[in-house]
Amino acid sequence: MDTDSAVAQLLRRAGFGSTAAELDSASAAGYAATVDRIIADLSAPDDGADAVPAPVLGSAVAYHRRLVRARRAGDTATATEVRRKVSAGRRALIGGWLARMVASTRPVHEKLTFLLHGHFPTALSKVRYPDLMARQIQLFRTQGAGSFADLSQAVAIDPAMLVWLDAASDVAADPNENFARELMERFTMGIGTYREADVRAAAYCFTGWRIDPVRGGFEFDPALHSSVSQQVLGTAVTTGQEVVALVTSTPASHRYVPAALWSHLAYPVTPSDRVVDALAAAYAPALSMTDLLRAVFEHPAFLSDRAATGLVKQPVEWMAGALRSLGVAPDQVTAHQDSLLETLAMMGQVPCDPPSVGGWGQNDYWLSTSASLARWRAAHALAAAVDLSRLADAPASSRTDVLASVLGVVSWSATTADVLRRAGGDPALLVTLALVSPDYVTN
Amino acid sequence: MTGSSLVPVPSPDRPTSGLSRRRFLALAGGAGAVGVLGAALGPRAWEALFAGGAPTSGTLASGTAASGTRRLVLVTLYGGNDGLNTVVPSGDPAYTAARGGLGIDPSTLLPLGDGYGLHPAMPGFKRLWDARRLAVVHGVGFADPNFSHCQSMDIWQSGVTGTPGGTGWLGRWLDRTNASPLRALGIGPSVPLALTGARVQAATLPAGTIVLPGDSGEQALFARLAGTSRHEAVLAAVAARANADLLTCTRDIGGILTRTARDDPLRLPPSTTDSAGSLAIAAGGGGRSAPGVLATQLSLVANLVLAGAPTEVYSVELGGFDTHSDQAPTQKALLGELDTAVTAFIEALDHHPAGRETVVVVYTEFGRRVTGNASGGSDHGWANVVFVAGAPVRGGWFGEPPSLTSLSDGNLILTTDFRSVYATVLDRVLGVDPRPFLGGRFPTLALL
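Those sequence lines, one after another, are chains A and B. By the count of this note's numbering, the first sequence reaches residue 443 at its end, each step adding exactly one. By the count of this note's numbering, the second sequence reaches residue 1448 at its end, each step adding exactly one.
Just so you know, the hints here were simulated from the structure itself, not pulled from any lab data. Among the hints, erroneous ones may be present.
Computed list of chain A residues with no C-beta within reach of chain B, every gap over 10 Å [what the hints assert, rightly or not]:
| hint | residue |
| --- | --- |
| 1 | Ser59 |
| 2 | Asp75 |
| 3 | Arg135 |
| 4 | Ile157 |
| 5 | Asp174 |
| 6 | Val269 |
| 7 | Ala286 |
If you want the footprint, here are the derived chain B segments under chain A, 3+ residues with CB under 8 Å [what the hints assert, rightly or not]:
| hint | segment |
| --- | --- |
| 8 | 1110-1118 |
| 9 | 1149-1163 |
| 10 | 1184-1197 |
| 11 | 1201-1212 |
| 12 | 1317-1330 |
| 13 | 1338-1350 |
Think of the CB as a built atom: it goes at the ideal place given N, C-alpha and C, for glycine as much as any other residue.
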């Protein structure tokens, strides 16, 4: 893979697609220096995203209290008003996040945040209140690049997670197993690396974990906690924190977490894949996500043909990337958030609202005819709405090349190039066709 | 505000390699211009643009499906429905003993006879049962139970135990029988594994009409882009195929959808059907579908069946059954939706010859633990009931009821391999030899 292609792929995978200028400057710096810069970006603030005004989300505790009072008093007007505000807050949260992705000047932050959200899928459909969801997303944003063990501890006591996997209703007598199971299966170790008995035993350790009804934060109630020592993975443990520390430090987890990240940055693999060897070696010593990301970007297979053709853009990646490349301003993203969210819903991916504990699928999962229709309509609408005068000012014969550079595509496939040639230089038509082309939809 | 990232960064000089980017930047006004393509959106309202233009007229492919062809409607309940509180063995003293507070009050059940009662939120299913149009299959599941949602659902949808491959049991049928993506249709944003073949993937549609954007020129170029043959990368070829399938759907059923856009054959009150197109986050409950979504999906299916669409298999879904805590109100609401939508669907089809050949199968990834947990919920279990309903169905009990006292780790033990249900459907609904699609012979059930 030549430098331009390699750098273009790095910027796509480590972010949300590049502007022509970003791609140009990274190409000039070279691949290794661009990896260094992206890794350095992880420990620097994302000024672009941070300049997006924080959305108004309200407070779960206050909303909940008002709803309870209204219900008791039979005051349906207030209850309706609260529900309307909660619903508006949800849209503001998701629209605001999309605007951050578009505004980002160090996009690896929001990219990692988004991938971690997919790794710990938690949904507003059950969490309900947007401020709780926002707190969890903020955890990924502030702690995502650090130790995965620390992040897992923070996620375990995060109120949205406590609600989502029912930990907040866990009591000693008959603990429910939801969190204990998903912790091992999805978050840290992977299926087949533990036994049913481990899930049942671990569930006792999470008893007594509650949400403080006044502050809306985590609270531990010793009276509801089972203090009986449990055997989990052959180790005696009593507290939930011990379980999280245990499962994140297993050899299975040393391969599972790197395999999961690689699967969203290069191509899907299982933890036993040989490509994971080097990643696990870099990750295991400190469970550092920064070390892991560097190992991914520096792995020779990251620049293989398999990686180049190994992923379909997730709908959020597709949309954020298109908005960035077409120069749409972040305040325009929030102004039109309802349309954008409807489109994402039709494509099957509303951030903060994954369909189940299994989260979203991958690759073929995004290539349905429904998604194809939604993508086409969105591309058509975007192309008609953005100012394309600079594309129009280019000679008609060079517009296909110009478009490739705008969208961060190094070269078009023969089929797509042929179709774009037939578009007769019409700027909006060129943009529409490019955004729905298999070249752009796959990464 | 405008994000600073939108201002191109001055690029250091370097040897040019004929990169079009560089040329573009020069054309676009060079580094320092405000946004590559201009940061502001034009004055046209996005909402109007996203709403699309005039409906595209599609060609009605009526009569493509031979009359008398049976159709399958697969209803997937995501999350693991608690079958013990759906078809309740209230006549067994072990039920009350094991379930305690989680159990349903026997006096509220809708009696089915033989010591069983239906959940009180399911009066429509009771009506179907009394009309002998509802079959209940007991103890369905697969050996070596798996308590993971993802893997259990993968096994159910692939029809393969152990390590499921990447194709579904109906996807393999699509591969073998016909290359038309419209032979099976999923309603929703993504293709369920059950309908994914190695070569053919079922089409999916949102509930509503198909409104293609652009004029005929744009659509003609899109069609060229959808040509699959020249994309070498596998995923690019799949992406092209999805685009091509969209055009096939528009051509073959776009007209039906447009003509019937205002028809609701289910005739349900608006409150249960007005959520089409709304965000799923309007709902409540873990991964729970928005209220009315199932009715909207089935209304679309009914329109297609009644208009003679060529589709033989439809897939619809309802999510939110993972009731680890506070199960009673959630399950009641979801079973109510299932009951209302499926019953109205079957009764709507009853009035038409094409509709009377339709069979509905309702399944979920696993049942739940016999004893509830202390959160007012239940954890992942094993064997469960499957419903098969419709005019061609021979109503009644099928399969051996699992014991409530002889359990495996607290779970009901399977008595009916899930592939027996599939074998029955392949044989009696789709009219094919089930063996090639299921990798073996499984006894069929006499319910069809």
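Evaluation of the provided hints:
Residue-level check passed: Ser59 of chain A sits 18 Å from the nearest beta carbon of chain B, beyond 10 Å. No Cβ of chain B comes within 10 Å of the Cβ of Asp75 of chain A; the nearest lies about 20 Å off, and the non-interface call holds. For Arg135 of chain A, the non-interface assignment is confirmed: its Cβ lies about 17 Å from the closest Cβ of chain B, beyond the 10 Å cut-off. Against the 10 Å criterion, Ile157 of chain A stays outside the reach of chain B, whose nearest CB is about 18 Å from its own CB.
At the 10 Å boundary, the C-beta of Asp174 of chain A falls inside the reach of chain B, the nearest C-beta of that chain being 4 Å off. Consistency note on Val269 of chain A: stated as away from chain B, and its beta-carbon is indeed over 10 Å from all of that chain's, at 14 Å minimum. Against the 10 Å criterion, Ala286 of chain A stays outside the reach of chain B, whose nearest CB is about 29 Å from its own CB. With 0 residues having a beta carbon nearer than 8 Å to a beta carbon of chain A, the segment 1110-1118 of chain B misses the requirement of three or more and the stated coverage is violated.
Counting residues of the segment 1149-1163 of chain B whose beta carbon lies closer than 8 Å to any beta carbon of chain A gives 4, which reaches the threshold of three, so the coverage claim holds. Figure legend: the segment 1184-1197 of chain B, annotated as covered by chain A; annotation consistent (6 residues with Cβ-Cβ distances under 8 Å, at least 3 required). Evaluation of the coverage hint for the segment 1201-1212 of chain B: fulfilled, as 8 residues show C-beta separations to chain A shorter than 8 Å, against a requirement of three. Chain A is given as covering the segment 1317-1330 of chain B, and this holds because 6 residues of the stretch bring a CB closer than 8 Å to a CB of that chain, at least three being needed.
Here the segment 1338-1350 of chain B counts 0 residues with a CB under 8 Å from a CB of chain A, which misses the bar of 3, and the coverage is violated.
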